[in-house]
Amino acid sequence: MEKLFQLNSKKNKLKFSVIVTLKKDVLDPQGKVVQNTLANLGMDNLKSIRQGKYFEIDVEEQDQVKAEEKVNQMCEKLLVNLIIEDYKIDKVK
Amino acid sequence: MKSCVIVFPGSNCDRDIATALEKMQFKNKMVWHKETALPKSDLIVIPGGFSYGDYLRSGAIAGKSIILDEVIKAANSGCLILGICNGFQILTETGLLSGTLLRNKKLKFINKDVNIKVMNNKTKFSSNYRLNQVLKINIAHNEGNFFTNEKHREQLKKEDLIAFKYCDEKGDISERVNPNGAMDNIAGIYNSKKNILGMMPHPERMIDEMISNTDGINLFKSLLN
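Protein sequences, first through last, are from chains E and L. Last residue of the first sequence? That's 93 in my numbering, and every number before it is there in order. Last residue of the second sequence? That's 225 in my numbering, and every number before it is there in order.
Note that these hints are calculated values from the structure, not bench results. Do not rely on the hints blindly, as some may be mistaken.
Keeping only pairs whose Cα atoms sit at most 30 Å apart, straight-line, the calculated DSSO-like set for lysine-lysine is [as the list claims (entries may be wrong)]: (1) K23/E x K2/L; (2) K24/E x K73/L; (3) K108/L x K66/E; (4) K32/E x K151/L; (5) K64/L x K88/E; (6) K108/L x K24/E; (7) K106/L x K24/E; (8) K53/E x K2/L; (9) K70/E x K91/E; (10) K88/E x K24/E; (11) K108/L x K53/E; (12) K73/L x K170/L; (13) K24/E x K157/L; (14) K157/L x K64/L; (15) K13/E x K64/L; (16) K77/E x K170/L; (17) K193/L x K2/L; (18) K64/L x K77/E; (19) K53/E x K64/L; (20) K157/L x K88/E.
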């Protein structure tokens, strides 16, 4: 019975990833510090590093278009500050 | 004059501002963030601190709390709103003020007294100051690096919406005296109706000669006029 439940819940669930990054023109001091430290460790081919955030989101929805729209709303309402950040939504298999 | 202070989990300057308001003869009430109605107020203060541990972004979670809907309604009907430090961050996250506050340029938490210059003394928050007066006010923040888009930056200049700028003791504004990398040395801004002020420095810490100075007093006195 529990197995059946797990199977069912899996069927009704879609998984997405959201990557949030600072826009190109926005200074990223954290990324800069990480970059400098890696350079100090001898990583001499390093060109640049920008630091961002990663979210994994499960949505209880079968329709992928609808689910993606929901995730998009989540980004715009809370997860992303659109003045300084860009985001990218991907479906996770 | 009636005021209220909104308290979030992680607010830590709420009692300081309450003490300052009461000392200045405001009739003040504290409002927990889960309340759904505001007491009748002429002034609403969003205090400093680390609401929700600065999770996600400073002020992001508090900016979406239930009571903020009421604060937005009050703001739109002309109520005076003052956001200090984390309060300023929360006001930008709600959209009541445009722009945002990034991590300090040098990545350090800064806690020190800095000089700021009064850029506009024709508002309800600043009429008791002289134009270009230099104040010494404490700052204590990790994300105070004001940033906004070019359109808003122009609007701030054109409509005289910059409240305070970081400067030296003589009032000279330069990158050298910019503590956190804020665009154009901006320490505080108004909305276009000038009924909302967001500022990183803490005027509520400067009301008593015994512990600091009294440079913050005139902000509260202006409000009482």
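| query | Can the restraint linking K70/E and K91/E be considered satisfied, given a maximum Cα separation of 30 Å? | reply | holds, 13 Å
| request: Take the C-alpha atoms of K24/E and K157/L, compute the straight-line distance between them, and say whether it is at most 30 Å. | output: Satisfied, since the Cα-Cα distance of roughly 25 Å is no more than 30 Å.
| query | Is it true that the CA of K23/E sits at most 30 Å from the CA of K2/L? | reply | Cα-Cα ~42 Å, so violated.
| message | For a C-alpha distance cap of 30 Å, please report whether K108/L and K66/E respect it. | response | Violated, because 42 Å separates the two Cα atoms, which is more than 30 Å.
| message | Hinted pair, alpha-carbon criterion (30 Å max): K73/L, K170/L. Please report holds or violated. | response | violated, 40 Å
| query | Is K157/L close enough to K88/E, meaning Cα to Cα at most 30 Å? | reply | Violated, at about 34 Å.
| 30 Å limit on alpha-carbon distance, applied to hinted pair K108/L and K24/E | holds, 23 Å
| task | Mind checking the alpha carbons of K106/L and K24/E for me, to see if they're no more than 30 Å apart? | result | With a Cα-Cα distance of about 19 Å, the restraint between K106/L and K24/E holds, given a limit of 30 Å.
| task | Verify the proposed pairing of K32/E with K151/L, using a straight-line Cα cut of 30 Å. | result | holds, 27 Å
| request: Assess, step by step, whether the Cα of K64/L is no farther than 30 Å from the Cα of K77/E, and give holds or violated. | output: holds, 9 Å
| task | For the pair we were handed, K13/E and K64/L, check the Cα-Cα distance against 30 Å. | result | holds, 26 Å
| K53/E paired with K64/L [C-alpha distance capped at 30 Å] | holds, 20 Å
Violation of the numbered hints given earlier is confined to hints 1, 2, 3, 8, 12, 16, 20; the remaining hints are satisfied by the structure.
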